[in-house]
Each structure stands twice: as structure tokens, then as C-alpha cells.
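Colleague: As a plain string of letters, each chain reads:
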Amino acid sequence: MLSFLSPSLATALLPALRRSGPADSRAKAAATAPVAGPAVKIAAQGIQRRFPVKGGPALLALEAVDLEIRRGEFLALVGPSGCGKSSFMDIVAGLTSASAGSVLIDGKPVTGPGLDRGVVFQGYALFPWRTVLGNIEFGLEVQQKPKAERQATAQRYVELVGLRGFEDRYPHQLSGGMRQRVAIARALAYDPEILLMDEPFGALDAQTRERLQLELLRIKHSTHKTFLFVTHSIDEAIVLADRVAVMTSRPGTIKTVLDVSFPAQRREDPLFRNDPAFIALRERVWQALHDEVDKAQDEERAS
Amino acid sequence: MSRPQAAWEPPQFFVKSVAIVAFLGLWELLPRLGWVSRSFLPPFSEVVRYLAGSLASGDLTRHILISLGRSAAGFSLALLVALPLGFLLGWFSGFERYVDPLLQLFRQTSAFALFPLFILLLGIGETSKVAIIFYGAQWPILLNTISGVKNVDPLLVKSARSMGVGHFDLFRKVVLPAALPTIFTGLRLAASFSILIIVAAETMGASAGLGYVLTNSQYNFDLPRMYAAIVTLALIGLGTNYLLVWLERRLTGWKQDILPN
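Line order of the protein sequences matches chains A and B. Following the numbering used here, the numbering of the first sequence begins with 2 at its first residue and continues without gaps. Following the numbering used here, the numbering of the second sequence begins with 15 at its first residue and continues without gaps.
Check each hint, because a few of them may be wrong.
Said to hold, decoys possible - Listed next, the in silico DSS-like pairs over lysine-lysine satisfying Cα-Cα at most 30 Å (straight line): (1) A:146 x B:172; (2) B:187 x A:226; (3) B:30 x B:164; (4) A:226 x B:172; (5) B:187 x B:172; (6) A:256 x B:172; (7) B:269 x B:164; (8) A:256 x A:109; (9) B:172 x A:109; (10) A:55 x A:296; (11) A:226 x A:256; (12) B:269 x B:30; (13) A:148 x B:187; (14) A:146 x A:226; (15) A:55 x B:172; (16) A:55 x B:164; (17) B:172 x A:148; (18) B:269 x A:146; (19) B:30 x A:146; (20) A:146 x A:109; (21) B:30 x B:172; (22) A:109 x A:226; (23) A:296 x A:256; (24) B:164 x B:187; (25) A:148 x A:226; (26) A:148 x B:269.
I should point out that these hints are in silico values taken from the structure, not numbers from a laboratory.
Turn these sequences into a full structure, and let the hints steer you where they fit.
Modeller: As C-alpha cells, then:
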């Protein structure tokens with residue numbers, strides 16, 4: 002398996018892993034028990050988003066999205082293409098504002114982007130003129146951390162995502178999977194409480210994708226961050242998430258939220274995807290999604 | 015890395031120089047063999063000898079420095095005006111939409127067509143010569159800066175914004191480095207333009223400079239001197255371009271290939 006964590010780092014970053022007993026209890030602890038304070042980390046209330054259309058009525062992309070994400074939870078958001086998953090994530094990130102409704106983080110409304118949330122985009126969005134280390138340092142520069150501290154922190158995260166030896170490479174010298182690791186390290190480096198990931202593995206080949214999913218599982222268990230993960234892959238959602246929220250076709254709203262209570266160890270098992278429980282859950286998510294995909298396609302044909 | 019069956023690969027130096035050497039060889043031989051009149055085309059070696067002599071005596075050096083001075087003044091002025099203006103127009107692209115048609119109109123108006131007007135307004139001295147270079151050189155700088163700033167990958171801006179970056183840092187750390195390669199293309203165009211147009215400016219009413227040397231020696235049928243001026247201008251153009259390529263490689267080293275042309 003992937004040993005992307007150096008031994009010294011593993012002890013530093015994964016005290017929970019070392020201490021605790023069976024993997025089951027670990028997963029449950031991450032999924033349910035809040036670390037401190039109220040259980041709800043992100044609360045979206047009645048989010049609506051309209052886009053103005055030239056010479057026509059406004060396009061309603063999101064309609065009354067209500068969703069609560071618990072502290073330390075990994076929530077995957079799936080939905081037919083064009084249902085507004087990415088718009089919703091942009092609103093949580095503070096990159097665009099909702100036409101109506103509000104997003105509360107720790108009870109406070111989101112008014113703009115901030116370093117309490119780290120965002121990973123599908124297109125990597127690395128700065129091509131910065132090296133791997135330079136890219137990872139970006140958020141720390143915004144925080145105005147001193148140079149030595151920036152470099153030391155960035156170096157730690159380079160190692161966390163298994164890119165030791167590639168610190169001085171430029172993004173164009175890296176493979177797609179490596180670029181996405183840099184993007185993840187960049188979002189982790191300034192230690193946000195929330196990670197927002199918009200189809201981060203969408204552009205990767207199947208093998209790289211599975212490997213990065215496993216690495217993300219480890220990061221999830223070692224960091225206790227709250228994750229909002231947008232994907233269109235049901236398998237990916239089930240492998241990674243504690244809960245899967247299914248969105249309707251446009252105008253997008255939350256259709257149903259399903260619990261995924263598999264222990265961490267089983268998720269990391271290469272045969273997990275053949276597991277009857279996995280298949281049963283995939284069937285349920287698929288059913289929920291299926292009608293919506295049909296609706297979305299009918300609408301596309303009609304227009 | 016040897017490929018099987020691969021043909022013999024000549025050294026890089028040979029590839030880069032063979033055409034030039036052949037050209038200079040023809041230049042040397044044609045007049046010597048009497049195929050071209052020597053009075054119209056003196057052999058290359060004679061031109062070189064003349065060039066070396068007039069550089070040593072300082073006759074040509076003076077003219078070179080005057081021409082370079084005018085070019086540099088016009089180019090620097092263009093840089094000073096067009097670069098900040100380009101940043102502003104590119105950044106506030108809502109405003110740029112209204113100005114763009116006018117910019118396109120001005121850009122398409124040849125600097126040569128405006129030269130009589132410049133002389134009329136600014137006289138025949140240094141001002142009109144520097145002004146014409148400024149006018150011509152600012153367009154590529156301005157338009158490339160605008161398009162460089164306007165076309166920064168929106169995902170990079172989004173990504174930087176997601177990390178809570180302020181307006182000033184967004185410009186300094188994202189927009190500027192992202193636009194730099196496009197801006198450099200403009201700088202190189204402007205620099206070569208500054209060298210090209212100085213000749214034209216100096217052929218119209220000047221008493222010094224390489225353009226003056228060119229027309230003056232043509233009137234006096236002093237052909238080695240005329241060819242010496244032409245060769246000098248070619249070398250200056252080449253040198254300027256390589257200087258900018260070197261600078262560009264240093265500043266945008268993250269780009270894979272920057273070619274000299």
C-alpha cells in the first residue's frame with residue numbers, strides 16, 4: 002500500500018492512528034463525535050442562485066438548498082451534471098454569493114472567501130510560475146507567516162502528499178496526479194478547518210484516481226477536518242464519505258442524504274468495491290440519482 | 015540518445031550558421047568574380063574593413079550612439095506610459111471595452127503616415143524623432159499588456175481568491191506573473207520597432223544618426239559606408255532581440271521554450 006507518510010511524520014500527524022485500537026471505532030469517532038462545540042460545522046439555509054440570461058428570464062441554478070455538514074464529517078455531494086453542485090460549493094467558499102439564503106460556518110454567515118476554508122479545484126489551478134514548494138506556500142504568504150516558517154510548513158506538506166524530491170519542479174513538469182497532490186497540499190498547508198473539493202479527481206485516470214482516493218482517506222483520518230466533496234462518481238462518494246447528499250436536476254436542491262457507515266479499514270481494502278454492502282448502497286444512490294439524470298437529459302433535449 | 019538508422023546529426027553551431035556563411039560567401043564572391051558591379055556591391059570583406067576603420071576612428075560610433083539614444087528614449091517613454099496604462103485598461107476591462115475601438119484605429123495608423131504631422135507640430139529636431147518612436151513603440155506594449163492582464167486564467171484568480179488574497183497581492187502575485195510572457199512579446203515588438211523606425215525618422219531631416227549616414231552616403235555614392243551602416247543596423251536589431259530574450263528567460267524561466275523569434 003501507499004506509504005506516502007514518512008515514519009516520523011506519521012507519528013507527528015497520526016497520533017490517533019497509533020493510539021487507537023480497531024479501525025471501526027476510529028471511523029465512528031470521525032463520523033459522529035464532534036471534537037468540540039456544536040455538532041454542525043456548515044449550515045446552508047435556503048440557498049438559491051439565479052444567473053441572469055441575456056434577453057430572457059434568469060436561470061435558476063439552485064433552489065432552496067438546505068444542508069448541514071457536521072464537524073469533522075466527510076460529506077460527498079453528487080448530482081446530475083448542471084445541477085449546480087459547483088455553484089453551491091462556490092457559495093460555501095465565498096467566491097460567489099447566493100441570490101437568497103445563507104451559509105453559516107460555526108453559526109456565522111459567510112461573507113467572502115477565507116483561510117478557514119481550503120478549496121481544491123478540478124483543474125488543479127496551480128500557479129505555473131511557482132515551484133511545487135512555492136505553490137504550497139501561497140496561502141501561508143497570505144497569512145504573512147515568516148519565510149522560514151512558510152518553507153518548513155510547505156516542506157511538511159510536500160512530504161505528506163508524497164512529493165519529496167519534487168519541491169523545485171514547476172507544475173508543467175508534473176503528471177496530473179502529482180499536480181492534484183500539490184493542489185491538495187496547498188489547501189492543507191494553511192490548516193483550514195474545512196476542505197472544499199470540487200471534483201478534484203475528475204481529470205485523472207482510473208488508477209491515479211483510486212490511489213489519490215486512498216490518500217485522501219488517510220488525510221481525512223489524520224486531520225479531523227470537515228470535508229465537502231463534489232463528485233459525479235457514486236463509487237468515489239461511497240468510498241470516501243460519511244454521508245452522501247444527492248442533488249436533483251436543475252434547479253438543484255437536496256433530494257436525499259444517505260449514511261455511509263463503513264469502517265476505514267474496509268474502505269481501504271482493494272476489494273471493497275465488490276462488497277455486497279457497497280454494491281447495495283451504490284444501488285440506492287444510483288436509484289436516487291437515476292431519475293434526476295433522466296430529468297436533466299429530457300430537459301437538455303427539449304431545449 | 016542514439017536512434018538506430020538515424021542520419022548523421024550535424025553540430026548545432028553548423029546548423030545555425032551555414033545559411034549565413036553561404037550568404038556572406040556569395041556577397042564576397044559575386045563582386046570579386048565580376049558578376050555584380052563592385053561599385054554597387056563592394057565585397058563583404060571591404061565593408062567589414064570599412065566598418066572596423068570607422069568604428070576605430072569614432073566616425074560611425076558617434077552616429078550609432080545618437081541613433082541608439084533616440085531609440086532608447088522613445089522606447090523608455092513608451093514603456094513608462096503604456097505599461098501602467100495597459101495594466102489599468104486590462105484590469106478595468108469594463109472601461110477598456112469603450113476605448114478598444116479607438117486603440118485599434120490608432121494602432122492601424124502607420125507611424126510613418128503621422129511623421130509629417132509630428133514634424134509640423136514638434137519641429138525637425140530631436141523631439142519629433144523621439145515622439146515618433148514613442149508613438150510606434152507604445153502600441154505593442156499597450157495592447158499586449160491589456161490582453162495579458164485580461165486573459166489571466168480565471169481559475170488561477172479564483173484559486174488565489176479562495177485563499178483570501180487582497181486586491182494588491184492578487185495583482186502582484188497572480189495577474190502580473192501570469193501576464194508577463196504576453197507583455198514580453200509586446201516589449202520585443204516595440205524594441206524592434208524602435209530600431210526599425212529610427213532609420214526612417216533620420217532619413218527625413220537629420221544631421222546625425224545611422225539613418226542620416228545611410229542617405230548621406232547614398233547621395234555621395236560612398237557605398238562601403240552605406241553598407242557599413244546597414245550591417246550595423248542589422249547587428250543592433252539582432253543584439254536588442256537577444257538581450258530581451260535573455261531578460262525574458264530570466265524573468266519567466268518557468269515557461270518551457272522561449273525562442274529568439
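Colleague: Hint by hint, say whether it matches the structure.
Modeller: Status of each hint after checking the structure:
no.: 1; hint: A:146 x B:172; in the structure: 22 Å, holds
no.: 2; hint: B:187 x A:226; in the structure: 28 Å, holds
no.: 3; hint: B:30 x B:164; in the structure: 37 Å, violated
no.: 4; hint: A:226 x B:172; in the structure: 22 Å, holds
no.: 5; hint: B:187 x B:172; in the structure: 13 Å, holds
no.: 6; hint: A:256 x B:172; in the structure: 29 Å, holds
no.: 7; hint: B:269 x B:164; in the structure: 19 Å, holds
no.: 8; hint: A:256 x A:109; in the structure: 25 Å, holds
no.: 9; hint: B:172 x A:109; in the structure: 23 Å, holds
no.: 10; hint: A:55 x A:296; in the structure: 25 Å, holds
no.: 11; hint: A:226 x A:256; in the structure: 25 Å, holds
no.: 12; hint: B:269 x B:30; in the structure: 23 Å, holds
no.: 13; hint: A:148 x B:187; in the structure: 16 Å, holds
no.: 14; hint: A:146 x A:226; in the structure: 22 Å, holds
no.: 15; hint: A:55 x B:172; in the structure: 24 Å, holds
no.: 16; hint: A:55 x B:164; in the structure: 22 Å, holds
no.: 17; hint: B:172 x A:148; in the structure: 24 Å, holds
no.: 18; hint: B:269 x A:146; in the structure: 28 Å, holds
no.: 19; hint: B:30 x A:146; in the structure: 49 Å, violated
no.: 20; hint: A:146 x A:109; in the structure: 26 Å, holds
no.: 21; hint: B:30 x B:172; in the structure: 44 Å, violated
no.: 22; hint: A:109 x A:226; in the structure: 18 Å, holds
no.: 23; hint: A:296 x A:256; in the structure: 13 Å, holds
no.: 24; hint: B:164 x B:187; in the structure: 15 Å, holds
no.: 25; hint: A:148 x A:226; in the structure: 26 Å, holds
no.: 26; hint: A:148 x B:269; in the structure: 25 Å, holds
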